[in-house]
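From first to last, the protein sequence lines are chains A and B.
With the first letter of the first sequence counted as 1, position 199 gets the number 198 in numbering that gives the first Met the number 0; the numbers rise by one all the way through.
With the first letter of the second sequence counted as 1, position 277 gets the number 276 in numbering that gives the first Met the number 0; the numbers rise by one all the way through.
No lab work stands behind these hints: they were computed from the structure.
There's no promise every hint is true.
Here are the computed lysine to aspartate or glutamate pairs in the EDC-like style, where the Cα-Cα straight-line distance is at most 20 angstroms [stated by the list, open to error]:
no.: 1; chain 1: A; residue 1: Lys74; chain 2: A; residue 2: Asp139
no.: 2; chain 1: A; residue 1: Lys130; chain 2: B; residue 2: Glu219
no.: 3; chain 1: A; residue 1: Lys109; chain 2: B; residue 2: Asp32
no.: 4; chain 1: A; residue 1: Lys109; chain 2: A; residue 2: Glu189
no.: 5; chain 1: B; residue 1: Lys108; chain 2: A; residue 2: Glu281
no.: 6; chain 1: B; residue 1: Lys108; chain 2: B; residue 2: Glu129
no.: 7; chain 1: B; residue 1: Lys185; chain 2: B; residue 2: Glu174
no.: 8; chain 1: B; residue 1: Lys185; chain 2: B; residue 2: Asp172
no.: 9; chain 1: B; residue 1: Lys108; chain 2: A; residue 2: Asp236
no.: 10; chain 1: A; residue 1: Lys130; chain 2: B; residue 2: Glu215
no.: 11; chain 1: A; residue 1: Lys109; chain 2: A; residue 2: Glu23
no.: 12; chain 1: A; residue 1: Lys150; chain 2: A; residue 2: Glu323
no.: 13; chain 1: B; residue 1: Lys83; chain 2: B; residue 2: Glu174
no.: 14; chain 1: A; residue 1: Lys308; chain 2: A; residue 2: Glu187
no.: 15; chain 1: A; residue 1: Lys74; chain 2: A; residue 2: Asp147
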Amino acid sequence: MNNRMNILYVITAVFLLVLPFIYESRTLLILLTQVFIFAIFAMSYDILLGYTGIVSFGHAMFFGIGAYTIGVFMKRFDPTIPYFLLAVLVTIVLSAVVSFALGLLTLRLKSHFYAMLTLAFSGLFLVLAEKWRTVTYGNDGFTFRIPDLFKDRTDFYLICLVTMIVVFAILRRFTSSPLGRVLQAIRENEQRTESLGYSILHYKVVASVISGVMAGIAGILYSMSLRFVNTSVFTMDITLDALLMTIIGGVGTLVGAIIGAGLIEFAHHWLTELAKVHWIFERWIIFFGIIYILAVMFFPMGIVGTLKKLKLNRSKKEEQKAEEKIAS
Amino acid sequence: MDVLINLSLNGLATGMLIFLLAAGLTLIFGLMDVLNFAHGGLFAWGAYSGTWIYATTGSFLIAIAGAILTGLILGLLTERWIIKPVYGNHVQQILITLGLMLVLSELLKVVWGPNQISASPPSYLAGSWELGNVIIIKYRVFIIAVGILVFGIVQYILKNTKIGLIVRAGVMDKEMVQALGINIQKVFMLVFMIGAGMAALGGAMLGPYSGVIYAEMGLEFAILAFIVVVIGGMGSFPGSILAAILVGVSGSFMAYYVPSLSLAVNMLLMAVVLIFRPQGLFGLKG
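Bound-form chain B, shown alone:
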């Protein structure tokens, strides 16, 4: 029982981190029809800038805010310079964002050096609670809380605000929204920035969770996020949180009970979903 709780919490925390990354991907894809392969690069930039700001200022809150700001700025620049010229051409989008991914992760090495950097949580989030035999690591609870919070906020904005209405309408029919006098370009930019900001937030929270950060982690987590997006269904926001939790929890259980299979479990999950439901669990588009 204790093991089950620990494994579930562990898996949930990983799942939430992946969710922060996958949610941005799925928002951007759902509205803009752009598959952003540079998303992992934004994630890694969030991790590096967050860790760096925490080390210089000593405040974890400023670090988180700084990382999000980094993500927003990078998102703005990316949308303006890289994505805008290739709207509507899938192959070019894939190629160009991959090039950006390359530049982003190499730039990390130029700014912060090629070696791994260690990161730790602030004192008030370090350590753990002990309830009988169950050990609950505080930082994991924090990650889960932030994940749920972000999901709640985004879901609220999407369902209950005017901008959310515009975004949802944009997903359905871009041209119609444009014809109604709404500047869809601006909405695109905003959505892209929010997606990038969420990725950067995920990155900043990963640092203290895994203990070390390195430039290649962007691609590693991007692959996980892609798998989640495929399982959940492209463009489906609830799908991405469900799939992220599924991937996180099944990974954590497999790592404990069947370690040899743990690395393949995501692929197997994805393969099964693809065979029976190629559009993903919640997906509408094929």
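So here's chain A without its partners, still in its complex pose:
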């Protein structure tokens, strides 16, 4: 079964890789690029929520760190590849340091404390971005130039797609490693994992650092796609996007995060289009909110999770049937 899934992934990846060459639609290309960027972000969030069982409301923090780092570097220095790489390095270091410090300080606390504190800290970053005008130009944000390599929409699409595939591969490797297994054990039963001799804090901090770094990378790509950055990258909305994507796609599955990102981005696009038909669609967040509440209530495993469960049930039934046959 796993092999069949792998073949499916490869086919999808190849299809997406050749898509810009067979179907030329600028809108679709840009939309899909956004999907890839947010898929990276949602996958990074899923490491926390889905694999470790930590609810963070401050994930926009790392997204924003990436977005601003690349913006500041491209604005202050020349938009060349070496500076771009330097910005990537700085983003990785910054988000790792912030997530490490924050994790050490707050991950000892229970889930609801942690959720509140991350909310508070990301609020602090938002305020910082608004007030530190010499660097961030305040609320208005600033535009910047990007290296020539990323200028072409098709090239940028491919870069984002490849980055997403690489992140997917890395995170999949990570979650199936012994370390990833410990994380899942923490999600399932924290006390038991602790009594087995694992230091919970240590593993949670590792998860938060990895997740933070990946979110930073998503932030880089995001502000590169806009060639503009402002304080909105630090807002709660960004974290909520990641939350929605993971929940709707399926908690605890990386593919779910990608599917969720696709669904949300496309739904967002269509609903904004519908705003021309009726003004209520301008307030599309309401529909999202309601769908999200219903999803948490009735559909807690998301699309991928529910599919998996159905499959599991079916194979169980088949097993039962087979057993019955043997018995008769």
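Given the coordinates of chain A, work out where chain B should sit on it, guided by the hints.
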């Protein structure tokens, strides 16, 4: 000296507003073990409905009463439809109340439009007293008085009435209270409604204090309230008023003496408390 008095009064007034919000959070958490992330949404609804009723009826008292009623009704609906299905599951509670927060603040924009709305106090609360060089703004005194009053009432109910006894017992041991033949579901509902009503009252009083109200203020104040709850200790009612005053006053002093640090002061306060007393100043649970 004059500056000190002004700053203290200012800080106290802000502290009392935060207290009204944090007290509801801490009551709900203490008894029901539910962390209500939609609390800021109830606060914002109180602000909007209060301002709207004041603008239509012209009576500030009716506006306050109307805002509280809005809070009570929203609290009832929230407890019934949103919280009830997810009792006992922390992660789901956090996620679902956050979704509600989203819906509540967007609904505000649907009903009253996306722009800021200005609000002003009634004529008898506008203006200020001058005592020598000290200028005392009447509305701030009013906020402080209401805050102390609410604290007194809730504290009295908790300590001296039967329902307070049930609530306190419920905080200690839910199952035991249930076993004694008390319908804990009803108590839950009542506590949630009271918490929501207090949040709405805080919102209604904020409008004339800050001059403008907007849909995003729910989340901003909710963050402050969370910080207060963490500093004071989850579930501790006296802790939340002490921490609210601490946050309010230190914020007001910092804004005057060290403006660049003023925005971070709450975080610093919270970080210090967390490092030395992770359960909060008055908290029992870790």
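Hints that the structure is at odds with (numbers, increasing): Violated hints (numbers, rising): 6, 11 and 12; every other hint is consistent with the structure.
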